[in-house]
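From first to last, the protein sequence lines are chains A and R. Heads up, the first sequence stops at 619 in the numbering used here, and the numbers go up one at a time, no gaps. Heads up, the second sequence stops at 408 in the numbering used here, and the numbers go up one at a time, no gaps.
Read the hints as simulated data drawn from the structure, not as lab findings. Be aware that a few hints might be false.
[To be verified] Here are some, though not all, of the chain R residues that point toward chain A, as calculated from beta-carbon distances under 7 angstroms:
(1) V195
(2) L237
(3) A244
(4) Y262
(5) H294
(6) L402
In this text, a Cβ means the ideal position worked out from N, Cα and C, and glycines have one as well.
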Amino acid sequence: MARGLERGEDGALPREKIRNFSIIAHIDHGKSTLADRLIERTGALSAREMREQVLDVLELERERGITIKLNTARLLYTARNGETYVLNLIDTPGHVDFTYEVSRSLAACEGALLVVDATQGVEAQTLANVYLALEHNLEIVPVLNKIDLPSAEPERVMREIEERIGLPADDALLVSAKEGIGIDELLEAIVERIPPPEGDLQAPLRALIFDSYYDSYRGAVAFVRVFDGVLRPGDEILMMAAGKRYEVQEVGVRTPHPVAQEALGPGEVGYLVANIKEIRDIRIGDTITHAARQADRPLPGYRPVKPMVFAGIFPVDPDRYEDLKEALEKLALNDAALVFEPETSAALGFGFRAGFLGLLHMEVVQERLEREYGLELIMTAPSVVYHVYLRNGERLEIDNPAKFPDASKIEHIEEPYVKARILVPAEYVGAVMDLAQKKRGEFVTMEYLDERRVELTYELPLAEIMFDFFDLLKSRTRGYASLDYEFSGYRRSELVKLDVLIAGEPVDALSTIVHRNFAYERGRKLCERLRDIIPRQLFEVPIQAAIGTRVIARETIKPLRKNVLAKCYGGDVSRKKKLLEKQKEGKKRLKAIGRVEVPQEAFLAVLRVGEDVGE
Amino acid sequence: MTRANGSPREEGAPFVHPEPARALYIHLPFCRARCAFCDFPVVAGRTVHLHGPYVDALLRELELLFSYFPPDPSHPLRTLYVGGGTPSFFARTEWERLAAGIERFLPGGLASLEEWTVEINPEDADPELLRMLRAFGVTRVSIGVQSFDDVLLAALGRVHDAARAVRAVELAADLGFPHVSVDLMYGLPSQTVSAWLHDVERALELPVDHVSAYALGVEPGTRLFGELRRGRISLPEDDAVAEMYERFVERAAAQGFRRYEVSNFARLGGESRHNLAYWRYEPYYAVGLGAHGFLQGIRTANTRHLQTYLRRLVPGSRADLPWAEVRALSRAEAVGEFAFLGFRLAEGVDLSRFRRLFGVSFFDVFAPTLDRLFEAGILTVGGGHVYVRERWVFVQNSFLSEFLLA
């Protein structure tokens, strides 16, 4: 390799010259800008190649300022001591839906830069990832970003880091990624403070898969971190959890351009091409070993990725079912967490039931389908996976309220709970506790981070979080609270299926599972909301909420009385025609249920009805 | 200018209207002041000096139009409609030039017209003007009463008051116009149903054989639009407006006025033949600022800009038709227009006429839509027509869009 860093005859790089690290940061705290700056300063990309935020791949991510897809970059840095080092920057996603992916990326590192906005302070999501990093024994280098801003309060934020995470405040680096301040000091700190990787060159191969992507020419490509042994083209490898064998075609590193290498040795991070057809065949967290000389046991921490949230996706125009199918297949090529299967709804026709890691993941998929594939979609309200125990002893896993068995057959139901960590200014603790209580939360702990900030931990049903918990949390704390959660287990709950009838017709896509105590209130709110969303029709439209055959709430949409252009002036028909054309266009966004035309928003209305329940 | 008709089954094929145009619309755009609800092509203020050049341009346009689309000698013009603007505000000497000018284009003269309507504002309706129009051969005056509520009239920017309106109507009747119509508006700012019904009673007891009642539509760019947006005025709810309409239909019927179109009511024989041509999908000539014509299946719209209009129609050989938009309809477009215009009429869509114009059956073209609307009881068939049942007239836009194919 260039600049005096050579592979040995064994194919390995000197381990003491490698540093593997990731960046932990809250959304907007400047992770991407900092990554850009590091890449730029180490000359990995020429100025011409330098784009803003090079590590964030997708347009959508760029717009939202969040990273969904991971990526890596190998930087060559000549330190002040004259030695050249390989710095592997492993990017991590910044959202609660991707905790497992973050943990696998962190497992590939020895250190992490904790980037905190000096004008803001630590957020819950950041904390959660710091805890993850600490669990993996990473060396954490605190970095205060945006110190050039007049509103920066480095002392306060450093104290917060010190009190909360126990990192000495003196060690924090002061940086402005935007202005390029403190970048050289940061690179030195990476070399000096983050330990080089360990590993046994002679031991059987063990390499951790921490990410993957799909390349239309080369198939699925894995990102790996080698712990022991050496990985070479031509090797026959075994994926230990998946139990699949492949022949390695190419190994290499990203700079961030892909550059092929003769080998990857202990401590190295790179990519692997092995004629792997589907992204699903590469399981994040899996361990790669040699088929001929297998490791005794895999690296720890593997967990199959399991979608937590399911929703129906239907094309507004039924003729576009095939287009939707194709688009989902394409997205799934690069997104192993996205699963889907055909679903038929009596109300919405043919579509798909899709599973997602969480709500953000779902939103991202929806936006990509609409934006990149030009589809108009109806998404049903997301559902968690319920465990339904029948009287005959059977246990069903149900992710679609429409598929719930008859209440008389059900012995009991369990629903997923999460452990939710909420960071909130002290003055809002009462409001948050009140909200968590109303959302069936179970108090676990309360801790003061300092005199102003409190960390609350609750056990909460995931279904309640999907409703409107986050929105309400934000509104009750004027946006100051932050939330992080992880799956904690299944619990028995008193749940009932709430059905909706429009003009006497049950609409399967509007059914929801709710706690028995909330059923009446939710039913009433849902009817009211649908009454407001569904435009007036030519006929009176009753809207009912029912549990089984029992109607618990009813609203009526009065028939439309005026929809006519009074005057066609002086033979000018164009105005009337334009109006009718507009109405025709508008109708395309409506779904006919019986003879009632229902707009798309209605199917998400169930999500927004919890708003003032109990308030 | 001639166009070839496409095969009857091809939707994208051009539509060529086979009938000769027998209606002529003439637009006189000048007004004293622009009304608060008006977004029509009008020119407000002191414009008398422009009336003369405007007549020259109009007659030039008519000459060009008739040379491109010659009237059929065996089917001469039947109706003439002079609208505005405010035709009654037009300088009287220019009126005389205009009438004489039109006369020259009519082989049988103005007297051969079956109907000639002129729009009149109450404040202009003095005996001299009305006698002059009567002498030209005008058979019908349409008087812009709008309301009998002086406060509302002022709010709309109208110049006249209720008393003046009543006198205008009575004078027109006394002077022997065979047909007198009044325009009313409802759904006006802060108007109540009972206030409207008061207007209705006053209108229906006047010596008229025709009433047009228009629900106010607030269009962008009008004064009302601005006032509404700034919250200075408020409009009645749609349900109240629907109530006004329904009550009016009832009261009008009780006084012998039949609803023959969404907004038009007439005693027997009082229907506007000219306006019926629009709704029955007959072709028509149109001249003047911003005027819309329909000839051989081509829809045209003239420029709304007066200077452009006058410049295009300079005397001499450089003159050109002042079209701003020209659209040659496809069969699919024409079929849709035929339907949504026809459904405005109480009589509905004329089935045999549809077949004559398009060579296919109305039922074949719109089978699924018609089935549904028949089944829902919205449409029905009678007298060789498909029509909208009374109850659904005021919500017809909810289903008419389904008749647009293109």
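### Task
Hint by hint, work out which the structure violates, then give me just those numbers in ascending order.
Violated hints: 1, 2 and 4; rest satisfied.
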